[in-house]
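Participant: If you read the sequences in order, they're chains A and B. Number 147 in this note's numbering belongs to position 147 of the first sequence; there are no gaps in the numbering. Number 42 in this note's numbering belongs to position 42 of the second sequence; there are no gaps in the numbering.
Fair warning: there could be bad hints in the mix.
Stretch-level coverage of chain A by chain B, calculated; a stretch enters the list once three of its residues show a Cβ under 8 Å from a Cβ in chain B [claimed, not checked]:
1. 39-46
2. 94-107
Computed spacing ranges between beta-carbons, pair by pair [to be verified]:
3. B:96 with A:17: 54 to 60 Å
4. B:96 with A:322: 35 to 41 Å
5. A:252 with B:95: 40 to 46 Å
6. A:265 with B:21: 44 to 50 Å
7. B:55 with A:322: 22 to 28 Å
8. A:96 with B:95: 21 to 27 Å
9. B:280 with A:138: 40 to 46 Å
10. A:283 with B:321: 23 to 29 Å
In case anyone wonders, no lab produced these hints; they're calculated from the structure. Cβ atoms here follow ideal geometry from the backbone N, Cα and C, with glycine treated the same way.
Here are the chains, one letter per residue:
Number of protein chains: 2
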Amino acid sequence: MKNSLRIDCLQYANWSEKVFRQMRQGRVDAVHVTIAYHETFRETVLNFEKWNRWFERFPDLIMKGLTASDIDRAQQTDRTAIFFGFQNPSPIEDDIGLVEIVHTLGARFMQLTYNNQSLLATGCYENEDTGITRMGRQVIREMNRVGLVVDMSHSADRSTIEAADLSQRPIAITHANPHEWVPALRNKKDDVIRAVTSNGGMLGFSLYPHHLKDKSDCTLESFCEMVARTADRFGTEHLGIGSDLCQDQPDSVVEWMRTGRWSKDIDYGEGSASAPGFPDMPAWFRDNRDFGNIEKGLRDVGMSEDEVAGIMGGNWYRFFADNFGGQR
Amino acid sequence: MKNSLRIDCLQYANWSEKVFRQMRQGRVDAVHVTIAYHETFRETVLNFEKWNRWFERFPDLIMKGLTASDIDRAQQTDRTAIFFGFQNPSPIEDDIGLVEIVHTLGARFMQLTYNNQSLLATGCYENEDTGITRMGRQVIREMNRVGLVVDMSHSADRSTIEAADLSQRPIAITHANPHEWVPALRNKKDDVIRAVTSNGGMLGFSLYPHHLKDKSDCTLESFCEMVARTADRFGTEHLGIGSDLCQDQPDSVVEWMRTGRWSKDIDYGEGSASAPGFPDMPAWFRDNRDFGNIEKGLRDVGMSEDEVAGIMGGNWYRFFADNFGGQR
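So that you can see chain A by itself, here it is in the shape it has in the complex:
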């Protein structure tokens, strides 16, 4: 029998040996890492190159992840498998041929939007949500063909529901929480979660304070009760973790995430002029070493061992196994 798995389906740390060692201390078998927010194709390739250097420098701590079986290999060799994703379709520019190219380079998730309208769909901060565009339909089909997962974490409701329905393969919201728990713009309403999960898709629970009840002061119990309630409503097998951990990043990075090159004005997004930086993480989830706290918290709210194992990694593992290869 496989050891229970720990998979985090979104992080954007300021990567360092320290962070990689903490992943091992937290027994994190796989992490989906963001390598593009606003980057062009060429800039994204520079980020793949940076990761190639990390893999070369720390072969005992991390390895490139392309398929679910790489997670087994990582676990067997006491390493963390790193899977790549984009929070914006900017890396494919206006070129559908780049979908297969970035998949070949290792990308496994791509958001169709990052808050704003993109060439493909509408982001969650726009006033008008016009759904999936002409190019968006083509790109979803191409993503389905090669095995690049549609991620709608930062998309608007209608666009997300349309993507879930148009996609021939399950899609994901890798990092967000239910809107009914905290009505943040980035959290997802029931009909959005239902459209994704009823089509076999996944929701990854975020630990980013702006998505938590009482933000940085959110209690572990409140978070775990929310997870249990979501499991009751949508099915445990569709749920996992997508912590959105942005460890050790300077505040200049959250400004880049929010404004890229698209705006000359400062957009504080979920922050504010008085608190423009990254918020403090909750005390029970400071970094990769704290996954055990969540595991324990889920048990404490009455979830079964199987349910906890699924949410901590088993469900993402199955999703990775089904969705990262070419279409059958």
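We have chain A already, so just place chain B on it with the hints.
Facilitator: Below, chain B alone, put in the same frame as chain A:
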């Protein structure tokens, strides 16, 4: 026992279903195709994209080749495995990190120069040959690490000999003939061939008329006697075919090959103002259907079945098997 193999280690056709069908008619199991002469990284990616479309459109005729075992799979399924290469280091621009990126995308050969001085080495048309540059030494080491073969077909003598010596893995001259047979600028002198083959490297014989004795009028017998003589001198196991077939290309393409964007003047290279286009191929090697003629011709000049099988594909197969993976 494996069927005897046919591998052509360089073509640059104007690709079409017709050419792919001729490959099957000629029972060509694998072809190394050029996808860059002067292209930048982004332009080269567009060429990878074009090939992805060919693979999608003609899955019964061709498949992407990444390892030698793909040639077995191609043979078993009656297809041709396509391996990618560059005749210039332009795709990696000034960025050593792109070496691994292009290897991940499928590149398996890269020339350090195309006739001119490059960032890495000196081309065979320059007056001064200063050998491998500072960046060239770094790039050769990186190519060795990832399994991207150094190809010196269009390089100058000193640069080629230095590359053969500096490289920790065997290098190749994928498409050229011995200078002693025809003293073309692109053909290789004895000490160059010796430096490459004595380090385990390969020479692929070219069928491009400018590299042949009597050009388009070269006889099959003359070509095959040259092959047999080269085998006697340098060892059969280091020899294969690299036809340099440029089938169905308009003459504008040979002008692009010669001048790219580096010159405003026309450089006729091995052609001339009165014959600026592609020369006619010899009557016994018009296209991929004619590999059987060479096979028969080699037997007729007295080469053994094993020797013929090695030159027609077995030697390249072994070289691919040893040199396309990461360094051990």
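Participant: With reference to the structure, classify each hint as holding or not holding.
Facilitator: Comparing the hints with the structure gives:
Counting residues of the segment 39-46 of chain A whose CB lies closer than 8 Å to any CB of chain B gives 4, so the stated coverage by that chain holds, three being the minimum. As drawn, the segment 94-107 of chain A meets chain B at 8 residues by the rule of a beta-carbon pair under 8 Å; at three or more, the given contact holds. For the pair residue 96 of chain B and residue 17 of chain A, the beta carbons lie near 22 Å from each other, so the given range of 54 to 60 Å is not met. About 37 Å separates the C-beta atoms of residue 96 of chain B and residue 322 of chain A, a value consistent with the hinted range of 35 to 41 Å.
Taking the beta carbon of each, residue 252 of chain A and residue 95 of chain B are about 24 Å apart, not inside 40 to 46 Å as hinted. For residue 265 of chain A and residue 21 of chain B, the hinted distance range of 44 to 50 Å is not satisfied, since their beta carbons lie about 58 Å from each other. For the hinted restraint 22 to 28 Å between residue 55 of chain B and residue 322 of chain A, the CB-CB distance of approximately 23 Å keeps it satisfied. Residue 96 of chain A and residue 95 of chain B have their C-beta atoms about 25 Å apart, which keeps the hinted 21 to 27 Å range intact.
Remark: the range hint 40 to 46 Å for residue 280 of chain B to residue 138 of chain A is upheld by a beta-carbon distance near 43 Å. Take residue 283 of chain A and residue 321 of chain B: their Cβ atoms lie about 55 Å apart, and the range 23 to 29 Å is violated.
Checked against the numbered hints given earlier, the structure breaks hints 3, 5, 6 and 10 and satisfies all the rest.
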